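K.L.:
Sequence:
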Amino acid sequence: MNPKNWLITGTSSGLGRQLAERLLERGDRVFATLRRAEALADLQRRHPDRLQVGVLDVTDGAAVPRVVDDAFRVFGRVDVVVSNAGFGLFGAAEELSDEQIAHQIDTNLVGSMRVIRAALPHLRGQGGGRVLQLSSEGGQTAYPGFSAYHASKWGIEGFIEAVAQEVAPFRIFFTIAQPGPTRTNFGASLVTAPAMPAYGASAVRQVRDGFADGSFPVRGDADRMAQAMIAAMDAGVAPARLTLGTAAYERIHTALTGRLAALEGQRDLALSCDSEAA
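If you're matching positions, the sequence shown starts at 1 in the UniProt record's numbering and goes up one per residue.
Source of the hints: derived by calculation from the structure; they are not laboratory data. These figures come from a predicted structure and were not determined experimentally. Be a bit skeptical, because a hint or two may be false.
To be verified - List time: in silico SDA-like cross-link candidates among lysine to any residue, alpha-carbon distance up to 20 Å: (1) K4 / A63; (2) K4 / R73; (3) K4 / D221; (4) K4 / F75; (5) K4 / F87; (6) K4 / D57; (7) K4 / I230.
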């Protein structure tokens, strides 16, 4: 297999870094973006010829197209664009500030939209390519205390589903990765809003305590997930969605099964709401 060229955002840690490491080890070229270049200094020493680093904050609307342009210019062609940059925000909805919500949405949702929109002209121009969007099991399910985070993940999944239909004729294909809780630094980097006494005995408090004392169940392995994503991008036909981890599979399966059952229960009602003047 010929080496591929990848553009990956959010590579300072977690799945983004793990993915970059795996790709470099197998001989691919990676244009990795992150906010602080020094976080990849060790990888640059080990792979000076195949790793390019771009400093990027995806909330900077002027910087995104410039850095994406650099990646395509340096490599000439990018086979896979990985939109991964993001963070988690925790707190009951009324515990969150407007500023926290805006930053969550601007990073996870609008930031990903910026990266993809900047990449599309290049992908069209080169005759196609693939986009791997990192979402979460939280793009199909919901935990108490993560309302803004879920809004960003449900939102990006809707965006991807629409854009995938728009650009399929250009041979640009999308995959949404949906990892479950994973052994990365997600919990350590979680932004947490101050607790309100009113939620002291709530499900929000149980999740908050689980992150604080380490009892929140985390079973996902970042390296295995990285390998699964690489295999999906190598496949002749990549899946529209890639569910990663037992927790993700079980929770998404339960959520979708419940929604389908509820939908079937409303069939007659739904059909009765059409106009008689067809």
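K.L.:
To test your reading of the hints: which numbers does this structure violate?
P.N.:
Numbers 1, 3, 5 and 6 - these are the hints that the structure violates, sorted from lowest upward.
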